[in-house]
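Residue-level listing of the chains:
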Amino acid sequence: MRQLAGEFFMNGDIACAEGAISAGCRFFAGYPITPATEIAERMAERLPEVGGLFIQMEDELASMNAILGASWGGVKSMTATSGPGFSLMMENFGLGIMLETPCVLANVQRAGPSTGLPTLVAQGDMMQARWGAHGCYSVIALSPGSPQEMYDYTIKAFNLSEKYRLPVLLMADAAVGHMSEKVVIPPPDDIKLFSRRKPTVPPEKYLPYQPGADLVPPMAIAGEGYRFHVTGLTHDERGYPVMTAEAQDKLIRRLVGKIEQNQDDIIEIESDWLDDAEVVVCAYGISARIAKFAVERAREEGIKAGMLKLVTVWPFPEQTIRQLAKKIKAFVVPEINCGQISLEVERCAGGAAATVLVPHMGGGVHRPETIVEAIRKAAR
Amino acid sequence: MIQAMERHPMDAYLRTDRLPHIWCPGCGLGTIVHCFLIGLLKSGLNPDKVAVVSGIGCTGRAAGYIKLDSFHTTHGRAIPFATGLKLANPDLKVVVISGDGDIVSIGGNHFIHAARRNIDLTVLCVNNFNYGMTGGQLGPTTPLTARTTTSPYGNYEQPFNIPYLAAASGAVYVARWTAYHVTRLQKAITEALLKKGFSLVEAISPCPTVYGRLNRMPTGLEHMKYYKDNSLIKEGADPREVDIKLNGQIVCGKFVDIERPTFTDLRNETLRQHKDK
Amino acid sequence: MSREEIVIGGFGGQGIILAGYIVGKAAAIYDKKNVTFTQDYGPEARGGACRAQVVISDSQVSYPYVETPSVLAVMSQEAYTKYTPALRPDGCLLIDEELVKPDKTAREIFAIPATRIAQELGRAAVANIVMLGFLTAVTKIVSTEAIKKSVLDSVPKGTGELNMKAFERGYACGLEKLKAAGKK
Numbered sequence: 001m002r003q004l005a006g007e008f009f010m011n012g013d014i015a016c017a018e019g020a021i022s023a024g025c026r027f028f029a030g031y032p033i034t035p036a037t038e039i040a041e042r043m044a045e046r047l048p049e050v051g052g053l054f055i056q057m058e059d060e061l062a063s064m065n066a067i068l069g070a071s072w073g074g075v076k077s078m079t080a081t082s083g084p085g086f087s088l089m090m091e092n093f094g095l096g097i098m099l100e101t102p103c104v105l106a107n108v109q110r111a112g113p114s115t116g117l118p119t120l121v122a123q124g125d126m127m128q129a130r131w132g133a134h135g136c137y138s139v140i141a142l143s144p145g146s147p148q149e150m151y152d153y154t155i156k157a158f159n160l161s162e163k164y165r166l167p168v169l170l171m172a173d174a175a176v177g178h179m180s181e182k183v184v185i186p187p188p189d190d191i192k193l194f195s196r197r198k199p200t201v202p203p204e205k206y207l208p209y210q211p212g213a214d215l216v217p218p219m220a221i222a223g224e225g226y227r228f229h230v231t232g233l234t235h236d237e238r239g240y241p242v243m244t245a246e247a248q249d250k251l252i253r254r255l256v257g258k259i260e261q262n263q264d265d266i267i268e269i270e271s272d273w274l275d276d277a278e279v280v281v282c283a284y285g286i287s288a289r290i291a292k293f294a295v296e297r298a299r300e301e302g303i304k305a306g307m308l309k310l311v312t313v314w315p316f317p318e319q320t321i322r323q324l325a326k327k328i329k330a331f332v333v334p335e336i337n338c339g340q341i342s343l344e345v346e347r348c349a350g351g352a353a354a355t356v357l358v359p360h361m362g363g364g365v366h367r368p369e370t371i372v373e374a375i376r377k378a379a380r
Numbered sequence: 001m002i003q004a005m006e007r008h009p010m011d012a013y014l015r016t017d018r019l020p021h022i023w024c025p026g027c028g029l030g031t032i033v034h035c036f037l038i039g040l041l042k043s044g045l046n047p048d049k050v051a052v053v054s055g056i057g058c059t060g061r062a063a064g065y066i067k068l069d070s071f072h073t074t075h076g077r078a079i080p081f082a083t084g085l086k087l088a089n090p091d092l093k094v095v096v097i098s099g100d101g102d103i104v105s106i107g108g109n110h111f112i113h114a115a116r117r118n119i120d121l122t123v124l125c126v127n128n129f130n131y132g133m134t135g136g137q138l139g140p141t142t143p144l145t146a147r148t149t150t151s152p153y154g155n156y157e158q159p160f161n162i163p164y165l166a167a168a169s170g171a172v173y174v175a176r177w178t179a180y181h182v183t184r185l186q187k188a189i190t191e192a193l194l195k196k197g198f199s200l201v202e203a204i205s206p207c208p209t210v211y212g213r214l215n216r217m218p219t220g221l222e223h224m225k226y227y228k229d230n231s232l233i234k235e236g237a238d239p240r241e242v243d244i245k246l247n248g249q250i251v252c253g254k255f256v257d258i259e260r261p262t263f264t265d266l267r268n269e270t271l272r273q274h275k276d277k
Numbered sequence: 001m002s003r004e005e006i007v008i009g010g011f012g013g014q015g016i017i018l019a020g021y022i023v024g025k026a027a028a029i030y031d032k033k034n035v036t037f038t039q040d041y042g043p044e045a046r047g048g049a050c051r052a053q054v055v056i057s058d059s060q061v062s063y064p065y066v067e068t069p070s071v072l073a074v075m076s077q078e079a080y081t082k083y084t085p086a087l088r089p090d091g092c093l094l095i096d097e098e099l100v101k102p103d104k105t106a107r108e109i110f111a112i113p114a115t116r117i118a119q120e121l122g123r124a125a126v127a128n129i130v131m132l133g134f135l136t137a138v139t140k141i142v143s144t145e146a147i148k149k150s151v152l153d154s155v156p157k158g159t160g161e162l163n164m165k166a167f168e169r170g171y172a173c174g175l176e177k178l179k180a181a182g183k184k
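Chains as they are written, first to last, in our numbering: chain A, 1 to 380; chain B, 1 to 277; chain C, 1 to 184.
In short, the hints are calculated from the structure, not lab data.
Just the calculated beta-carbon pair ranges, DEER-fashion: (1) A:Glu270 x C:Lys32: 17 to 27 angstroms; (2) A:Glu270 x C:Thr144: 32 to 42 angstroms; (3) A:Glu369 x C:Arg107: 23 to 33 angstroms.
Part of the chain A face toward chain B, derived, beta carbon under 8 angstroms: (4) Ala29; (5) Ile55; (6) Glu58; (7) Leu61; (8) Ala66; (9) Ser77; (10) Glu91; (11) Asn92; (12) Leu95; (13) Val230; (14) Thr231; (15) Tyr240.
We put the CB at the ideal spot given by N, CA and C, even for glycine.
Please model the complete structure; the sequences and the hints are all you need to start from.
Here it is, written out as structure tokens:
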């Protein structure tokens, strides 16, 4: 049948599912969990209409693996979950990183640890997104703050995953997932899509992990005669396990390097009033829209406040923070956790500007006044 | 000196640049992989359209030696990975080759659910009654009283009977052979590959280095003799009655061969009916 | 910058959340305003307190939640008790008069027997739509055309006519109450 186009009033979870469909996702495997279940429900209904396949797996371990398998079968794939499920998915998120498998994992964050507050918002998984699987690697994570951004960033997430060959994280939250707003869905022809680069050499010359100049290797899919091997073990260009320190060094440097080297293409930020700012509020997701409101109020009071919204939270915009730190007094970082991204801001500011965390333990969002007050204090 | 053959007949289907393999002398895995390849060739399937997915462990290394599209995944997760691969690319025949610990312990939940859904996969589960790669620990199939490094006083956990577990969960084809029964094992693999739906072949394999050494069977040859003397071929045996006791009888044969709609059959039928409404 | 904040409160099963969604969609899609609709409810599938919140603004909605509602429609005593204190002094309070017994207050109250009207129409389930008709007439916060379209988009197939009747009954009652209150 069809992809939607036009103006819709929908919640963030549904917008995420529609974004996936617009991005060409045709395989979803998942397990129900509040507040991400609506993504699975929408995909269960919609995928058959666009020739895709939905499967509800037995748990989140299976869901993550199934989307990796589907991706190697040649189909754009995704799963969606929340905190407890995200923890389970970490194991094979790591496999996806190691096998360099394009796919998208949406985490509609809720308050934790453990079962926590199933229906209520938090941003407590931001460091887990960065470091949740064991070992050393780099990730790409986007953080949407509205249903429109759920739609737009899901498409971005698929494009980045296909371009850089890794599972990309959509770090949403319960507030955004369950909030309904107008979502504009463009006609399919107006949506820019990127698909993985495929090998151009014959099978006997194909090396599954021989990268191009961008450090990303072309990807064959199963059933095309390449008879390739891939493994979660440390491997060489042939995809064969090699148990040496040299092989480990080479592989990890490339896995990290492909993100680092291309960060200008990957990192996306939005900024307002930075030119004369003395205090910059750095925020992401639902917190960014409340922060923007607070910055507007501070400006009305005559405070030179600026706004830096992280569209991509990972990789972290180190250079932007470093440069800003040289000319401002302080960063204010509101987060619905007890300090995660603020640590990165502080690290990159390197003492050149103060970093003021405005923590919120979850279950709700910051009241704008709390952030305005932090801006006032920081400006003094 | 014995002259090695220049080329092994299965060279085209092996990653010869990766040989020799890591398996111990006397291990059954070399034999079982060989049986798999012969079983595959006899099936007539196009090898370019066959993918192998393994988990972790000694058997998990099989994917690395077989020259087909092959995936060495994480511990226990070969089946859900294979499920995604198969459903996304239905033209593929997807085979999971992994060990008893991988398939029915850490991956046990995936195993029963894939069988329940009747996903069109073939699972070749190599059972050596212990965790070999980590040095011989208690596994989900270790017989009562057997010694392993984590059951130093003898195993007091009741083991799984894999064919019974598979049959009860909904597998449409269930067979068991040992590494001794090479032609029968090959035939079972061919049948399983050609069977539509979730098929399981359990291959009993020697692990002389660790399990055997701890249970008075320290060479591959002794295992082979044991299989020869203690196997009872009983086609159509009731899977409930094929459990294996320590150094006891091994009932072999094809236990289940039934028809049941697959996940894909039922999905397509459901969607077709919905469209007709 | 005008910011209207609407709260509809009641208990699970009354269609409170759907009513909020319908208002939100009407304002966002058909009246072309900036709208955020949120909801909160307890873990119970039925019977727990629930609340729909709609923020309608001329400019982009930054803070998505209701702080001080300008319109409050309540369909349970619990919702009345819980949400009335936050209502703006000049805010508009609407109640289902058979489900809510207001305490003595100087505040003007617009009351409608929404659930009884719905029962008269043969389906208690359309009480939420009766309330929407009432709310539209009294507050004019969304255009009548917009909300009618939104109702028809959002209710189950085959129930459009019944829901339109329910809407009209509520709307007519709202106009009467306005007249009685000497407002237009």
